[in-house]
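Given chain A, put chain B in place with the hints provided.
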Amino acid sequence: MKNIGAILVFVAGTVVGWLYSLLLQKRVKILCSLIQCFQWLETEVGYADVTLAEAFGRIGRRVDPETGMLFSSFAAELNEERGLTAAEAWQQSLAACRDRLTLQGEDWAVLEDFGHTLGSTDREHQLNAIRQTLEKLKLQAEAAAAFRKNNERLYRYLGMAGGALIVILLY
Amino acid sequence: MAFAEKVLPYIIPRLRLVLEKLKTAHPDGWARLEEIRLRSEQPLQVEMGQSFLVTPAGGLTVAPQAACVVRAEDVLRTVQLMGGNSLYTLEEELREGYLTLPGGHRVGLAGECLVEGGHLLRLKRITSLNIRIARELKGIGRGLLPYLVQEARPLRTVIVSPPQAGKTTLLRDLIRCFSNGEDLLAPVKVGLVDERGEVAGSYRGIPQLDVGIRTDLLSGCPKRDGVFLLLRSMGPQLIATDEIGRPGDLEMIEEILNAGVGFLTTAHAWDTTDFSARPSLRKLWARGLVERVVVLSRRLGPGTLEGVWDGRTKEPLSSAARRLEVQR
Numbered sequence: 132m133k134n135i136g137a138i139l140v141f142v143a144g145t146v147v148g149w150l151y152s153l154l155l156q157k158r159v160k161i162l163c164s165l166i167q168c169f170q171w172l173e174t175e176v177g178y179a180d181v182t183l184a185e186a187f188g189r190i191g192r193r194v195d196p197e198t199g200m201l202f203s204s205f206a207a208e209l210n211e212e213r214g215l216t217a218a219e220a221w222q223q224s225l226a227a228c229r230d231r232l233t234l235q236g237e238d239w240a241v242l243e244d245f246g247h248t249l250g251s252t253d254r255e256h257q258l259n260a261i262r263q264t265l266e267k268l269k270l271q272a273e274a275a276a277a278f279r280k281n282n283e284r285l286y287r288y289l290g291m292a293g294g295a296l297i298v299i300l301l302y
Numbered sequence: 021m022a023f024a025e026k027v028l029p030y031i032i033p034r035l036r037l038v039l040e041k042l043k044t045a046h047p048d049g050w051a052r053l054e055e056i057r058l059r060s061e062q063p064l065q066v067e068m069g070q071s072f073l074v075t076p077a078g079g080l081t082v083a084p085q086a087a088c089v090v091r092a093e094d095v096l097r098t099v100q101l102m103g104g105n106s107l108y109t110l111e112e113e114l115r116e117g118y119l120t121l122p123g124g125h126r127v128g129l130a131g132e133c134l135v136e137g138g139h140l141l142r143l144k145r146i147t148s149l150n151i152r153i154a155r156e157l158k159g160i161g162r163g164l165l166p167y168l169v170q171e172a173r174p175l176r177t178v179i180v181s182p183p184q185a186g187k188t189t190l191l192r193d194l195i196r197c198f199s200n201g202e203d204l205l206a207p208v209k210v211g212l213v214d215e216r217g218e219v220a221g222s223y224r225g226i227p228q229l230d231v232g233i234r235t236d237l238l239s240g241c242p243k244r245d246g247v248f249l250l251l252r253s254m255g256p257q258l259i260a261t262d263e264i265g266r267p268g269d270l271e272m273i274e275e276i277l278n279a280g281v282g283f284l285t286t287a288h289a290w291d292t293t294d295f296s297a298r299p300s301l302r303k304l305w306a307r308g309l310v311e312r313v314v315v316l317s318r319r320l321g322p323g324t325l326e327g328v329w330d331g332r333t334k335e336p337l338s339s340a341a342r343r344l345e346v347q348r
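Protein chains in written order, with the numbering used here: chain A, 132 to 302; chain B, 21 to 348.
Bound conformation, chain A alone (with noise of 0.2 Å):
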């Protein structure tokens, strides 16, 4: 019974650095794939005449349901008539998906910044903000990637150690 608990907690430990090492991964698809949607809406607003709801609407449909969530769901506040600036329901739709999208607060504070002026400008300015998101995007992916790189196998083996450690402590 003592060995098959000690397994228990030890396994328990290995998949706790699994799923840490995991964040660390998924962190970095979700940045990969909010870059592609500003790629996206630096297209739609530059070239296509549609309007933010529309664009975020169909961006949301094209990119992983996870990162589109964000997209479709700024489109939806948009659409509902009930008076709010693009500005208002960004940050609205960012607050609503704040607890199911893997991003660290640098990388909240990037999609922040970027609703201030959302909607409220010229082209010029509305593809000026779209190209800065774009370039902190990237910073933050390369950086993301550059911990990751560092870290998951730390992560993996911290699991492990750790689980081995309270088994130790335990006999």
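For the record, the hints were derived by calculation from the structure and aren't laboratory data. This structure is a prediction, so every number in the text was calculated from the model and none was measured. Every residue gets a Cβ at the ideal spot worked out from N, C-alpha and C, and that includes glycine. Each hint should be verified, as a subset may be incorrect.
Said to hold, decoys possible - Calculated Cβ distances over 12 Å to all of chain B for the following chain A residues:
no. : residue
1   : Arg213
2   : Ala226
3   : Thr264
4   : Ala276
5   : Leu289
6   : Gly293
7   : Ile297
8   : Leu300
Unchecked claim - Derived contacts from chain B toward chain A, CB cut-off under 8 Å, selection only:
no. : residue
9   : Ile32
10  : Gln100
11  : Leu101
12  : Leu107
Unchecked claim - With beta-carbon atoms standing in for the labels, derived distance ranges:
no. : chain 1 : residue 1 : chain 2 : residue 2 : range
13  : A       : Asp244    : B       : Arg91     : 25 to 35 Å
14  : B       : Pro267    : A       : Gln223    : 46 to 56 Å
15  : A       : Arg254    : B       : Ala92     : 22 to 32 Å
16  : B       : Asp203    : A       : Ala227    : 55 to 65 Å
17  : A       : Asp253    : B       : Glu274    : 33 to 43 Å
18  : A       : Arg193    : B       : Leu320    : 55 to 65 Å
Then chain B, alone, in the frame of chain A:
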């Protein structure tokens, strides 16, 4: 009438609520609503036959101190809502000073301008909005058709009236009647050049108001260019345009005549005397290029028919003033 209700979603919630209360408190006035005016730091104003201010409780008043005050932010946020929260899609509209809402309602814009080299680039800070309720009164022109057709051929017609007397509404319905062939021997292929987008109420290129099934629409296109394009490409039997009266319009009309095509258009003037005195319209009248002149006024309310004149004999064909009514 549900015309005015369609503009409410594009007004910010604070003022929308006040207007909804107004609708409940004054349903008759609401049905006659012509304009809603939003001016920064000024009272909320509506036109219902006459000008009223609106109280926060939805009442009508003429006392500015009792009225609901529109804030600068209300105007800006309303413009954002009207532009689908995408002002970058309105660059052309901000240059022209108006935009069109779904339903064909026209919104006039005024405020601080951005000027470069003495030329207006666009509005940069909007402080006044004039929301004009588009009215689609199908059948309002049917009673006039016997005056405007001869041997199945639409006569060259100008509708003349002062502002807000219903000439665009009448023009739209006559286009629809000709295009659908209502009460006519044969329907007519119509080419409509809607320079200001008011006739068809075009929203993102799609007509929001009924201009008939045989109507080819060019919206937002300069009249002269549009007329030539339609004559060359679409083979219309009747060309319809909104307000003429600028230099160069006479040449455009002559070009339409040379192509053997009829025309139906409008002009700002009080009556035939005023019409024949306008420098740019005088020749049209004097040379008998116009076969019928329909004169409207607001004497008995919007859409008062003052009479129909024969443009060649200059004689009135019907001159007893009456309100035009919808005929089904």
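Structure-based check of all given hints:
Non-interface status of arginine 213 of chain A relative to chain B is broken: a Cβ of that chain comes within 12 Å, the nearest being about 7 Å off. Distance check for alanine 226 of chain A against chain B: the nearest CB is about 18 Å away, which clears 12 Å, and the non-interface claim stands. Once the 12 Å rule is applied to beta carbons, threonine 264 of chain A is consistent with being away from chain B; the minimum gap is 16 Å. Every CB of chain B lies more than 12 Å from the CB of alanine 276 of chain A, the least distance being 33 Å, so the non-interface label holds.
With a least CB separation of 46 Å from chain B, leucine 289 of chain A remains clear of the 12 Å interface cut-off, as annotated. For glycine 293 of chain A, the condition that its CB be more than 12 Å from all CB atoms of chain B holds, with the nearest at approximately 49 Å. Every beta carbon of chain B lies more than 12 Å from that of isoleucine 297 of chain A, the smallest distance being close to 54 Å; the non-interface claim holds. Annotated as non-interface, leucine 300 of chain A keeps its C-beta farther than 12 Å from every C-beta of chain B; the closest such distance is 58 Å.
Interface hint status for isoleucine 32 of chain B: upheld, as the beta-carbon distance to the closest one in chain A is roughly 5 Å, under 8 Å. The interface hint given for glutamine 100 of chain B holds, since its Cβ lies 6 Å from the closest Cβ of chain A, which is under the 8 Å cut-off. Because the beta carbon of leucine 101 of chain B sits about 6 Å from the nearest beta carbon in chain A, less than 8 Å, this interface hint is met. The restraint placing leucine 107 of chain B at the interface with chain A holds, with a minimum CB-CB distance near 6 Å, inside the 8 Å limit.
A hinted range of 25 to 35 Å for the beta carbons of aspartate 244 of chain A and arginine 91 of chain B is consistent with their spacing of about 27 Å. Checked against the hint of 46 to 56 Å, the C-beta distance between proline 267 of chain B and glutamine 223 of chain A comes to roughly 53 Å, which is consistent with it. Checked against the given bound of 22 to 32 Å, the beta carbons of arginine 254 of chain A and alanine 92 of chain B, roughly 24 Å apart, stay inside it. Checked against the hint of 55 to 65 Å, the C-beta distance between aspartate 203 of chain B and alanine 227 of chain A comes to roughly 56 Å, which is consistent with it.
The hint said 33 to 43 Å for the Cβ distance between aspartate 253 of chain A and glutamate 274 of chain B, and at roughly 41 Å that hint holds. As the Cβ distance of arginine 193 of chain A to leucine 320 of chain B is approximately 58 Å, the hint placing it in 55 to 65 Å holds.
Checked against the numbered hints above, the structure breaks only hint 1 and satisfies the rest.
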